[in-house]
Amino acid sequence: MSAFLTFITGHYRLLTFGILLAFFSSYGQTFLVSLYIPQIEAAFGFSNTTLSALYAAATMGSALTLPWIGRKVDVVALKRFATGVVLGCALACVILSLAHHTIVVLLGFFGLRLFGQGLLSHTSVSTMARAFELDRGKAISIAGLGHPLGEALLPIMVAFAISYLGWRSTLQISSLVLLGSMLPLIFILLSAQPAKILHPAVLSSEQLLSQKNPLRLLRDGRFWIIAPVLFMLGFLSTAIFFFQIKLGNSRGWDPTWVAGSLSIYALANALAMMLSGPMIDRLTAQRVFPYILIPFTLGFLLLAFSHHTLVYPAALALLGLSNGAGSTTINALFAEVFGSEMIGTVRSVFATVMVFSTALGPISFGLLLDASWSYQAVFLLSSLGLVMAMGASFFLRR
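0 is the number of the first residue of the sequence shown in numbering that gives the first Met the number 0; add one for each residue after it.
These are calculated hints, taken from the structure and not from any lab test. In this text, a Cβ means the ideal position worked out from N, Cα and C, and glycines have one as well. Warning: the hint list may mix true and false statements.
[What the hints assert, rightly or not] Simulated restraints on C-beta separations:
1. 133 x 46: 47 to 55 Å
2. 97 x 159: 16 to 24 Å
3. 42 x 390: 44 to 52 Å
4. 75 x 164: 32 to 40 Å
5. 338 x 383: 30 to 38 Å
6. 102 x 220: 25 to 33 Å
7. 74 x 163: 42 to 50 Å
The whole structure should be built from the sequences, with the hints applied where relevant.
Structural data, given as structure tokens:
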């Protein structure tokens, strides 16, 4: 513990930079954007299908764009790149707040998903992975705490602001908060950092080719071992949260109980992040990677075979453990397997996989449920997919 605290105090500026970027990435996360949805529907007269289609299109568009912008973190000075990402997210908030046409709503969603969910988080993790070689696991786990911190604080604040000020004013205030806090802090927190952190690394000729065309990564067999695990985490997490109220209604769980269980998920997520960081530094991410889906699989099996009221928070705790440990492990794994010089390019391609998975999860569950599949059957099929991805992950070490 003393070594952990020494690490934090010795690098608190850069770690705070990572935490804040992860925290403000909540602006583009579904759990926060969803709070604006009812009023946007009312303002434009959208149906559920229309607004869902707009959001899915924006998410897919951001996923396709992310590799080509995210790779620039490898070749652009960190202060300039981070400033551009913050400005992009703030502009997206303003665009959505001023929307009076469907196309503008789509652009606002696209900007929030690309700059918020995608690039703010991407910049945070890429910086931690490149800056810390020996303590990479601890750095990524600490910076990742910005995500559960955002999940715990921002929904309450945004919901309160929307109820009193309306959704347009809340988005504009959110934009000002982001600009007013992050723009000066980027320069304060990154001042006096070593040149290897602030400026791009010198890439080899092979790395330059991959950097110019991130899709070259698809030729690497290791991509096809790591990607299914990442896909399953995003695919199933988004799907279960999207249908959680309907699942609760089908099993007689009070909606307040279902929503309150999210705090258990956030706590388990944060705990797993903190515990997995030192473990990765001691064992390496490649050794930990094959086991991160075990709690997730147990959580879905629990949901499949029991309808007890306590099952949902217990299952969310297991999902949170896998997501927290998985986030830290997989991001450290990228640097171990592909090299820290290319971390931005590599992460941007895998982030595309994650974003696609979050878009496809709710749609896939919806199709199965509409086809008269029971929740138990859907959860059992999900468990089978998790076991297959977990089994393939052992081939990475070989």
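Structure-based check of each hint:
| no. | hint | result |
| --- | --- | --- |
| 1 | 133 x 46: 47 to 55 Å | 53 Å, holds |
| 2 | 97 x 159: 16 to 24 Å | 22 Å, holds |
| 3 | 42 x 390: 44 to 52 Å | 48 Å, holds |
| 4 | 75 x 164: 32 to 40 Å | 36 Å, holds |
| 5 | 338 x 383: 30 to 38 Å | 34 Å, holds |
| 6 | 102 x 220: 25 to 33 Å | 41 Å, violated |
| 7 | 74 x 163: 42 to 50 Å | 44 Å, holds |
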